[in-house]
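Top to bottom, those sequences are chains W and Z. Numbering of the first sequence is given in the working numbering, commencing with residue 1 and proceeding in unit increments. Numbering of the second sequence is given in the working numbering, commencing with residue 1 and proceeding in unit increments.
Honestly, the hints are just simulated from the structure, not real lab data. Some hints could be false.
Identical copies look the same in the list; a pair holds intra-copy or inter-copy alike.
Stated by the list, open to error - Straight-line alpha carbon distances no greater than 25 Å define the calculated BS3-like cross-link-like pairs of lysine-lysine that follow:
hint	residue 1	residue 2
1	LYS113	LYS202
2	LYS12	LYS29
3	LYS202	LYS86
4	LYS51	LYS125
5	LYS168	LYS125
6	LYS51	LYS168
7	LYS12	LYS51
8	LYS18	LYS113
9	LYS125	LYS113
10	LYS18	LYS168
11	LYS113	LYS196
12	LYS18	LYS202
13	LYS202	LYS12
14	LYS86	LYS168
15	LYS29	LYS202
16	LYS202	LYS51
There are 2 protein chains.
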Amino acid sequence: MTTPEELISSLKWRYATKSFDPARKIPDKEWAALEESLVLTPSSFGLQPWKFLVVQDQAIREQLVPHSWGQRQVADCSHLVVMTVKQNLSTADVDAFVQRNVDVRGGSVEALKGYRDMMEGFRAKAETEGWLQQWAKLQAYIALGQLMAAAALLRIDACPMEGFVPAKFDEILNLNAEGLTTAVLCPLGYRSDTDKYAALPKVRFDRETVIEWR
Amino acid sequence: MTTPEELISSLKWRYATKSFDPARKIPDKEWAALEESLVLTPSSFGLQPWKFLVVQDQAIREQLVPHSWGQRQVADCSHLVVMTVKQNLSTADVDAFVQRNVDVRGGSVEALKGYRDMMEGFRAKAETEGWLQQWAKLQAYIALGQLMAAAALLRIDACPMEGFVPAKFDEILNLNAEGLTTAVLCPLGYRSDTDKYAALPKVRFDRETVIEWR
Chain W
1 MTTPEELISS
11 LKWRYATKSF
21 DPARKIPDKE
31 WAALEESLVL
41 TPSSFGLQPW
51 KFLVVQDQAI
61 REQLVPHSWG
71 QRQVADCSHL
81 VVMTVKQNLS
91 TADVDAFVQR
101 NVDVRGGSVE
111 ALKGYRDMME
121 GFRAKAETEG
131 WLQQWAKLQA
141 YIALGQLMAA
151 AALLRIDACP
161 MEGFVPAKFD
171 EILNLNAEGL
181 TTAVLCPLGY
191 RSDTDKYAAL
201 PKVRFDRETV
211 IEWR
Chain Z
1 MTTPEELISS
11 LKWRYATKSF
21 DPARKIPDKE
31 WAALEESLVL
41 TPSSFGLQPW
51 KFLVVQDQAI
61 REQLVPHSWG
71 QRQVADCSHL
81 VVMTVKQNLS
91 TADVDAFVQR
101 NVDVRGGSVE
111 ALKGYRDMME
121 GFRAKAETEG
131 WLQQWAKLQA
141 YIALGQLMAA
151 AALLRIDACP
161 MEGFVPAKFD
171 EILNLNAEGL
181 TTAVLCPLGY
191 RSDTDKYAAL
201 PKVRFDRETV
211 IEWR
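Put together the whole structure using the sequences plus the hints.
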């Protein structure tokens, strides 16, 4: 259990790291915890419409820099997480999740038919109405939020990044062949001593502006 | 600082709470930390295109239940967070954020003109192309991910909920008048002793399925 003070101190410590120290790597134990936090991320219905790529090949990372608005974080971080989602979550994906339920909790696929049909109905509606991939992206942002908080608690730096060209990432990482597309990036590692952004006060609207009791 | 073990133990402890104990309320100190974690949530450009409603009026909560697929969590939780986003983030919103930068960090609006124009260019493009509200919703899901992780670390239960009728929520909470719309819900509190879902193993795909090194 964490104290409220420790939680807030961690969230205040974090910032969108502009410059990573390329020499500092996340230790194995801490990285394993971050990977597990990705695996444990909650998602709507539990469907987990994602794959998280950890891009460690330096040549690939350098290829990604010009398609990341030139931001060096993708090359200089310790671990680069590329959050991808399924372009078209399929009926087979729903059935794979139902099977996973049975594998983990026991029971039978037949007993879960009502649950399965409800999820498939949702999926089919989203596909027909054209917002299935967008829904998958929303789920990826839950993973992003949880990952950034998890990293901060471990005093590991991160930089959430929307500033990149998804089509180029998909091409370089050969994602179309897997039916995936890039949703958002999260380089992780340790801030450089020279990153002046680390010392700047955090800019947030005040509590009264963003929170309202009803 | 939190240990990797504590982080993972917290994330494993959490689950989508199906039944809250209506008699148990989150203590003030813990609630204040959760509110602060909402305020501190990172967002793209830092624009914070949201307002978080904490709906505590029991009559309003009961009105929301039928529009939440009958799920009692919205009425029985300790604190109901309704995450709303701006329907159309405006140029004035961008300028308010720039002003907030100046208030917090000093300097002048004039010195931030390049930064302001970059953000406004992004906003205007999103508006023209019709994905501005969807982008705002993505940011709300970062808040959802961080809030669920924060709650778990404090051993407070939560239930992320997409199963509701946004138009009805907007109507009951009078959000259209404020230019807001409901993105996602997060009731928080303490699990009921009778919630059988608390004891079920978590269903996640295995590490090899959702994580891939490149």
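First find the shortest C-alpha distance between LYS51 and LYS125 inside one copy, then the shortest across copies, and answer within, between, both or neither for a cut-off of 25 Å. within (23 Å within a copy, 29 Å between copies)
When no copy is named, should LYS12 and LYS29 be tagged within, between, both, or neither for a Cα gap of at most 25 Å? both (24 Å within a copy, 17 Å between copies)
Can you tell me if LYS18 and LYS168 fall within 25 Å by alpha carbon in one copy, between copies, both or neither? within (22 Å within a copy, 41 Å between copies)
25 Å Cα threshold - placement of LYS125 relative to LYS168: For LYS168 and LYS125, the Cα distance is within 25 Å only across copies (20 Å; inside one copy 29 Å).
How do LYS113 and LYS196 come out at 25 Å by Cα distance, when the copy is not named: within, between, both, or neither? between (56 Å within a copy, 20 Å between copies)
At most 25 Å between C-alpha atoms: does LYS202 with LYS12 qualify within a copy, between copies, both, or neither? within (8 Å within a copy, 30 Å between copies)
My question is about LYS86 and LYS168: at a cut-off of 25 Å on alpha-carbon distance, are they close within one copy, between copies, both, or neither? within (16 Å within a copy, 30 Å between copies)
How would you classify LYS18 and LYS113 at a CA-CA limit of 25 Å: within, between, both, or neither? Answer is between; shortest inter-copy Cα gap is 20 Å, intra-copy 48 Å.
Treating 25 Å as the Cα threshold, decide for LYS29 and LYS202: within, between, both or neither. Classified as between: cross-chain Cα gap 22 Å, same-chain 29 Å, threshold 25 Å.
When no copy is specified for LYS18 and LYS202, does a C-alpha distance of 25 Å or less occur within a copy, between copies, both, or neither? This pair counts as within: shortest intra-copy Cα distance 14 Å, inter-copy 36 Å.
From the Cα coordinates, with 25 Å as the cut-off, is the pair LYS113 and LYS202 best called within, between, both, or neither? Between copies only: 19 Å across, 49 Å inside.
For LYS12 vs LYS51, is the C-alpha pair at or below 25 Å within one copy, between two copies, both, or neither? Close across copies (20 Å), not inside one copy (29 Å); limit 25 Å.
Of the numbered hints given earlier, the model fails none.
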